[in-house]
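If you're matching them up, the sequences are chains A and B in order. Under my numbering, think of the first position of the first sequence as 1, with each following residue one higher. Under my numbering, think of the first position of the second sequence as 1, with each following residue one higher.
No lab work stands behind these hints, which were simulated from the structure alone. Every value quoted in this text rests on a predicted model; they were computed, and no experiment measured them. Some hints could be false.
For identical chains, the list gives no copy identity; a pair is met inside one copy or between any two copies.
Straight-line C-alpha distance at most 30 Å; calculated DSS-like pairs for lysine-lysine [to be verified]:
| hint | residue 1 | residue 2 |
| --- | --- | --- |
| 1 | Lys79 | Lys139 |
| 2 | Lys155 | Lys91 |
| 3 | Lys169 | Lys155 |
| 4 | Lys146 | Lys51 |
| 5 | Lys77 | Lys51 |
| 6 | Lys91 | Lys7 |
| 7 | Lys146 | Lys169 |
| 8 | Lys51 | Lys79 |
| 9 | Lys127 | Lys169 |
| 10 | Lys146 | Lys158 |
| 11 | Lys91 | Lys169 |
| 12 | Lys7 | Lys169 |
| 13 | Lys7 | Lys77 |
| 14 | Lys54 | Lys169 |
| 15 | Lys146 | Lys54 |
| 16 | Lys127 | Lys155 |
| 17 | Lys91 | Lys158 |
| 18 | Lys77 | Lys158 |
| 19 | Lys45 | Lys77 |
| 20 | Lys7 | Lys45 |
| 21 | Lys158 | Lys127 |
Protein chains: 2
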Amino acid sequence: MKNDLGKIHIYTGNGKGKTTAAFGLALRALGAGYRVYVIQFMKGKNSSELKNLKSLPKITIKNFGSNILVSKKGQNKDKVFARQALNWANKIMVAGRCDVIVLDEIFLAVFFNLIPISEITKLIRNKPAGVELILTGRKANSEIIKLADYVTEMKEIKHPYQIGLAARKGIEY
Amino acid sequence: MKNDLGKIHIYTGNGKGKTTAAFGLALRALGAGYRVYVIQFMKGKNSSELKNLKSLPKITIKNFGSNILVSKKGQNKDKVFARQALNWANKIMVAGRCDVIVLDEIFLAVFFNLIPISEITKLIRNKPAGVELILTGRKANSEIIKLADYVTEMKEIKHPYQIGLAARKGIEY
């Protein structure tokens with residue numbers, strides 16, 4: 001298959017569907033025969049989509065973090081996790097172990113001061129030409145937006161959190 | 001499993017990720033053990049994500065339409081397809097054959113005058129309480145937005161169509 005990959009995508013904004021869109025894209029890339037690597041920042045292993053995605057060939061999903069919400073202070077343990085995720089992403093990309101790489105919630109990790117934004121620009125600089133890179137998370141930095149090819153803002157128009165609905169397994173996580 | 005489903009989601013806007021977010025949500029719901037039914041308006045069978053999704057248990061995907069772009073005139077054949085999709089959606093929901101139903105690009109079908117908006121309000125009125133309904137497509141109507149629980153607008157900030165990149169298999173479709 002001709003590999004015409006190499007673009008950079010960003011899914012950001014305060015609305016639903018950033019991670020789900022990235023996983024949907026992973027599913028689509030798998031369907032076309034590409035190797036997909038997903039690295040999740042600040043997330044444990046309990047989201048429902050992972051179960052089926054992991055059962056497919058040619059996809060690897062690695063979580064770095066716990067399910068405990070990080071405070072804005074950015075505790076040391078969280079910084080260690082985020083740093084590990086970043087190093088792993090660089091390693092996988094440079095070693096040519098994937099065609100499509102998803103760095104889920106990387107912008108949230110920047111927002112919580114777990115990694116400096118300069119590390120993302122460095123990662124983009126090191127990206128091999130034929131690798132498609134997908135970055136997600138609220139509050140994507142304008143500096144990174146400039147470097148991206150596709151940028152979509154998921155804008156929350158309406159959400160039942162506003163009326164106090166609790167997160168539901170299979171829908172919200 | 002306790003079924004706490006029943007909400008209505010809309011993914012709309014001119015940005016990427018509406019269908020991929022809906023498929024990502026389908027994947028998540030499957031992972032939690034729910035039965036998922038996807039009905040695609042105005043779409044043929046060539047998108048890459050379908051291959052793997054279809055291989056999973058508890059999901060059915062049905063396409064109504066061709067891959068030929070419908071003109072704003074709304075030809076008769078396209079109206080027949082859209083009407084079939086709508087009837088099928090009503091039938092599946094009312095028969096209790098799914099927990100989560102995705103009506104992909106239904107708003108585009110309304111925009112192209114293939115179905116009247118009143119048919120969507122009717123469908124929502126007929127929806128069994130425990131069925132989670134996901135509607136996608138550009139130009140969601142404000143009337144339907146009022147009836148929904150979750151509404152996310154995918155806003156295009158940047159897209160390489162602007163610089164003339166052709167759609168790529170595994171990424172765009």
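Hint check results:
Taking the shortest alpha-carbon separations for Lys79 and Lys139, only the intra-copy value of 18 Å comes in at or below 30 Å, while the best inter-copy value is 41 Å. In this assembly of identical chains, Lys155 and Lys91 lie within 30 Å of each other by CA distance neither inside one copy nor across copies; the values are 33 Å within and 32 Å between. For the homomeric pair Lys169 and Lys155, the shortest alpha-carbon distances inside one copy (22 Å) and between copies (27 Å) are both at most 30 Å. For the homomeric pair Lys146 and Lys51, neither the shortest alpha-carbon distance inside one copy (34 Å) nor that between copies (34 Å) is at most 30 Å.
Within a single copy, Lys77 and Lys51 get their C-alpha atoms as close as 26 Å, which meets the 30 Å cut-off; across copies the closest is 40 Å, which misses it. In this homomeric assembly, Lys91 and Lys7 come within 30 Å of each other (Cα to Cα) only inside a single copy, at 19 Å, whereas the closest approach across copies is 41 Å. In this homomeric assembly, Lys146 and Lys169 come within 30 Å of each other (Cα to Cα) only across copies, at 25 Å, whereas the closest approach inside a single copy is 36 Å. For the homomeric pair Lys51 and Lys79, the shortest alpha-carbon distance inside one copy (27 Å) is at most 30 Å, but the shortest distance between copies (38 Å) is not.
For the identical chains of this complex, Lys127 and Lys169 are inter-copy neighbours only, at 21 Å across copies versus 35 Å inside a copy, given an alpha-carbon limit of 30 Å. In this homomeric assembly, Lys146 and Lys158 come within 30 Å of each other (Cα to Cα) both inside a single copy, at 28 Å, and across copies, at 9 Å. For the homomeric pair Lys91 and Lys169, the shortest alpha-carbon distance between copies (26 Å) is at most 30 Å, but the shortest distance inside one copy (33 Å) is not. Taking the closest pair of Cα atoms, Lys7 and Lys169 come within 30 Å of each other only across two copies (13 Å); inside a single copy the shortest separation is 33 Å, beyond that limit.
Taking CA atoms no more than 30 Å apart as the test, Lys7 paired with Lys77 passes in neither setting, with 32 Å inside one copy and 37 Å between copies. Taking the shortest alpha-carbon separations for Lys54 and Lys169, both the intra-copy value of 18 Å and the inter-copy value of 22 Å come in at or below 30 Å. Taking identical chains as interchangeable, the C-alpha atoms of Lys146 and Lys54 are never at most 30 Å apart, the minima being 32 Å within one chain and 37 Å between chains. With identical chains, the CA atoms of Lys127 and Lys155 are at most 30 Å apart both within one copy (29 Å) and between copies (26 Å).
Taking identical chains as interchangeable, the C-alpha atoms of Lys91 and Lys158 lie at most 30 Å apart only when they sit on different chains, with a minimum of 28 Å there against 39 Å within one chain. Taking identical chains as interchangeable, the C-alpha atoms of Lys77 and Lys158 are never at most 30 Å apart, the minima being 34 Å within one chain and 35 Å between chains. Taking the closest pair of Cα atoms, Lys45 and Lys77 come within 30 Å of each other only inside a single copy of the chain (17 Å); across copies the shortest separation is 46 Å, beyond that limit. Taking the shortest Cα distances, Lys7 and Lys45 sit within 30 Å of each other both inside one copy (28 Å) and across copies (25 Å).
Proximity of Lys158 to Lys127 under the C-alpha cut-off of 30 Å is restricted to the inter-copy arrangement: shortest distance 20 Å between copies versus 37 Å within a copy.
Consistency note: the structure conflicts with the earlier hints numbered 2, 4, 13, 15, 18.
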